[in-house]
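Residue numbers (my numbering), protein chains in the order written: chain A, 1 to 270; chain B, 1 to 365; chain C, 1 to 272.
Please note that a few of the clues may not be correct.
[Stated by the list, open to error] If you anchor each label on the Cβ, the simulated ranges turn out as follows:
| # | chain 1 | residue 1 | chain 2 | residue 2 | range |
| --- | --- | --- | --- | --- | --- |
| 1 | C | 69 | A | 165 | 39 to 47 angstroms |
| 2 | A | 31 | C | 95 | 21 to 29 angstroms |
| 3 | A | 56 | C | 75 | 48 to 56 angstroms |
| 4 | A | 47 | C | 97 | 31 to 39 angstroms |
| 5 | A | 56 | B | 145 | 56 to 64 angstroms |
| 6 | A | 47 | C | 227 | 39 to 47 angstroms |
| 7 | A | 26 | C | 95 | 29 to 37 angstroms |
[Said to hold, decoys possible] Take a look, some chain C residues computed to stay more than 10 angstroms from chain A by CB distance:
| # | residue |
| --- | --- |
| 8 | 171 |
| 9 | 213 |
| 10 | 270 |
Everything labelled a hint here was simulated from the structure, so no lab data went into it.
Glycine included, every Cβ here is placed at the ideal spot set by N, Cα and C.
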Amino acid sequence: MTPTKPRRDKTAGRPPALLIVLGCLGLSLFVVPFVGLLGRVPWSELSGLLTSDVVSDALRLSVVASLAATAISMLLGVPLAWLLAKTDFPGRSVVRGVVTLPLVLPPVVGGAALLFALGRRGLLGEPIGELTGLVLPFSTWGVVVATTFVAMPFTIITVEGALRNMDTRFEGAAATLGASRWTVLRRVTLPMIGPSLLSGLVLTWARAFGEFGATITFAGNLQGRTQTLPLAVFVGLESERDTAVAISLVMVAVSLAVLITLRDRWWNSA
Amino acid sequence: MELGVTEGLDIRATLRRNDAFRLDIAASIPAGRTVALLGPNGAGKSTAVAAIAGLLPIDVGQIALHGTVLDDPRSDVFMPAEQRKIGVVFQDYLLFTHLSVLENVAFGLRSRRVAREEANERSRMWLERLGLKGLDRRRPGDLSGGQAQRVALARALVTEPDLLLLDEPLSALDVTTRADLRLTLGEHLAAFDGPRLLITHDPNEAFLLADEVHIIEEGEITQSGTPDEIRLRPRTPYAADLAGSNFIVAEARGGVVTADDHVLHVADPVSDGPVVITIHPTAVSIHTRQPDGSPRNTWATTVDRVERLGSRVRLRTGAPLPLTVEVTELARAALDLDKGSHVWVAIKATEIEVQVGETRDGVAR
Amino acid sequence: MRSEHILIVTITSHHEIEDSGFVWIRSALSTAVLLVVAACGNSNGVGVETELLVSAAASLTNAFAEIEAAFEEANPEVDVILNLGGSSSLREQILEGAPVDVFASANTSNMDQVVEAGEVGSNPEIFARNVLQIVVPSGNPAGVTGLADLARSELLIGLCAEQVPCGDFARRALANAGVTPAIDTNEPDARALLTKIEAGELDAGITYLTDVASTEGGVDGIDIPEDEKVLAEYPIVLLAGASSPDVASLFVEFVVSEQGQAILADHGFASP
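Work out the full structure: start from the sequences and follow the hints.
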């Protein structure tokens with residue numbers, strides 16, 4: 001007995017041909033470079049390359065820095081987003097503009113700005129350095145600062161948008177049930193924007209993981225201390241092409257794994 | 001209107017929402033009574049709910065519950081919503097979709113720092129009382145309209161509030177469920193000791209569930225009374241519509257009432273001045289020939305519109321004075337009444353309700 | 001009409017590179033861009049100008065700008081387009097098929113790779129040498145006196161990345177002196193290193209004397225003693241794929257000529 005196609009398919013119909021063509025063209029823009037990358041992978045030496053200390057150091061730094069940046073973004077970004085969405089204070093649009101700036105600026109410019117502010121001779125960096133001896137540039141913490149700087153706007157923007165779009169009547173309902181403002185935030189507001197918050201954090205992590213310009217400008221480049229995966233690729237390209245390709249493969253694999261695991265949840269955020 | 005009741009809700013409030021809308025109401029709801037605030041959409045009902053619940057401050061006036069002042073702008077007193085012990089059942093219920101039914105119901109208790117075990121105990125008890133046993137773990141999204149409504153009610157009642165506030169509790173339901181739940185709701189309202197305020201646009205809900213009805217139109221209360229009083233003596237076109245009555249603006253002079261140049265004979269003496277006439281549709285009789293009997297008010301007219309409502313029929317007659325008339329289908333058929341039929345109407349003077357007073361925007365005062 | 005110098009900044013200036021990897025893809029793209037530029041340039045209309053695409057190491061920026069001006073003055077029908085960048089990036093572009101006419105590298109190893117690939121049209125010749133210097137912020141706040149100071153861990157020391165010529169030479173000099181540097185960062189190119197030293201964010205580094213000179217007092221240079229010194233050798237060559245080999249050859253000759261050498265000396269380069 002041959003299985004018949006469900007009748008439902010008849011009514012769905014094929015999408016318009018033009019859409020398919022354009023869609024495939026768009027897809028190829030993404031697929032072709034990856035195919036090119038795969039074509040250059042030195043498969044036989046791959047395991048050796050991947051276990052080299054250059055790669056393992058860079059991977060460790062990238063993972064640590066990107067996760068730290070994501071954590072800080074959540075800790076500081078969510079409250080800031082809440083203030084922007086729920087309170088009306090003077091200069092709110094200016095604040096929102098400033099917070100969005102790292103998205104617009106070239107990351108290198110961001111790194112330079114960080115240097116001017118937090119560098120050894122920086123506006124804040126100099127007094128902080130003299131008082132506490134803390135020097136951020138050329139340190140792992142510097143990497144965290146640089147990646148947080150460029151990635152946190154993703155959290156803020158996503159969360160602010162979600163807070164604005166949520167139905168605020170639920171917060172009112174919670175209040176009539178006796179919930180304090182903190183309880184409302186904890187048990188109603190945040191859970192309701194949960195999906196959006198998650199996708200915001202994933203975007204933040206992704207941006208932090210791939211960050212290059214601000215990192216190399218502010219934190220410098222030293223294996224084991226500040227050389228994250230993107231920096232290792234960049235430096236490796238000059239002479240050790242195979243290492244660079246191997247690292248690129250690692251980055252693509254890690255990123256794809258994270259993004260695919262989230263699957264539809266990415267788009268189903270309310 | 002003075003504030004008197006110390007047991008119950010007293011509200012005297014003026015609230016300007018925006019340039020276009022202003023709420024200006026006063027009402028007292030004693031404990032153990034159900035009061036309905038009945039009005040069309042946009043009348044200000046939700047604003048009133050928000051003000052009483054503490055989600056919106058009033059501009060002028062005072063809200064007090066059991067003698068405790070909740071909102072008094074003049075003395076700068078404003079008790080925020082979370083401190084008022086008011087149980088609210090919202091239109092659309094607003095059940096928290098990320099929490100289970102039990103967690104929803106227990107929410108108020110948990111927010112007030114009741115231990116989880118006790119909160120769950122009490123919540124389950126209420127769920128059972130409302131016929132929702134076994135639905136603990138369900139999500140609000142999986143509930144039927146009727147179930148959701150009862151969960152919302154349980155959620156409001158479990159905190160043992162001082163006032164029960166219901167905002168259009170049945171309007172989200174389909175007609176059949178609505179009729180069923182109206183009964184359940186009525187029972188639970190009666191079982192609640194404190195004052196109960198029911199906000200609705202549905203006259204059936206108001207007339208069947210409430211002891212007292214306040215009609216609210218455009219931010220103001222235009223008539224208050226028992227359901228019967230309003231039905232029999234509506235004072236505004238809207239109220240008359242609810243009651244299904246005819247509402248006519250007229251002028252009395254020398255004991256004679258004239259409406260649109262047509263004289264109406266009324267039973268009781270009436271002093272000169274503007275008056276409002278209401279005639280119930282069932283008080284008008286239809287004849288195919290000029291009647292010869294006691295009714296003092298008869299005239300010839302034509303049937304403009306026929307509306308069949310099952311065993312009853314509503315007719316609209318035309319000049320000289322348009323009226324809505326209600327007859328049985330049998331009568332209509334027997335007289336062969338249809339659009340365009342020439343008929344005579346007859347109204348007894350005793351059936352004509354006269355209310356003295358100037359009308360402003362159609363409201364008799 | 002003279003077309004502007006085109007600096008293919010996204011490829012060659014490391015400051016602007018924003019995301020990781022795939023430079024060979026970008027090399028291909030830059031090759032494409034260069035092809036378009038070359039094609040467009042030739043369809044200028046009024047008077048057929050010969051375009052000469054010269055890929056030169058970043059450290060030659062200022063010197064070659066002057067050489068370009070002088071050469072164009074002497075040969076008005078030629079339009080020199082300078083493509084500046086790290087020698088290894090330039091090498092990559094050539095190997096990927098960029099339509100470069102002349103290649104001036106900051107070290108011989110990059111040039112050797114180009115020769116091995118059979119891309120050259122003549123024998124490379126050394127046209128300049130560059131001396132390394134220890135570079136410190138203006139005023140030398142850390143009190144650096146010699147290569148040995150670069151082993152002090154309390155200082156923030158920067159070098160060019162090992163894969164870049166200036167980094168390679170710096171490490172050779174340090175090895176010669178028997179110093180193990182306490183490196184805090186490997187900057188992708190000499191410019192980046194210089195910028196950070198000038199800003200005072202690094203205490204010391206090693207780069208070319210020409211770079212020090214180009215900051216015009218922004219940084220101080222400390223000479224490296226003779227026995228530890230390493231000289232960078234800059235070869236220049238006409239490429240096999242040059243569209244106008246005669247003009248390209250003229251350019252190479254100009255660079256090694258007295259006039260060209262004088263310009264290079266002005267900018268701090270040592271004679272070959």
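Here's how the hints hold up against the structure:
1. C:69 with A:165: 39 to 47 angstroms: 59 angstroms, violated
2. A:31 with C:95: 21 to 29 angstroms: 26 angstroms, holds
3. A:56 with C:75: 48 to 56 angstroms: At roughly 54 angstroms between Cβ atoms, residue 75 of chain C and residue 56 of chain A fall inside 48 to 56 angstroms, so the hint holds.
4. A:47 with C:97: 31 to 39 angstroms: 32 angstroms, holds
5. A:56 with B:145: 56 to 64 angstroms: 59 angstroms, holds
6. A:47 with C:227: 39 to 47 angstroms: Holds: the Cβ-Cβ distance is about 44 angstroms, inside 39 to 47 angstroms.
7. A:26 with C:95: 29 to 37 angstroms: 31 angstroms, holds
8. 171: 13 angstroms, holds
9. 213: 23 angstroms, holds
10. 270: Per Cβ check, residue 270 of chain C is outside 10 angstroms of chain A; nearest 25 angstroms; holds.
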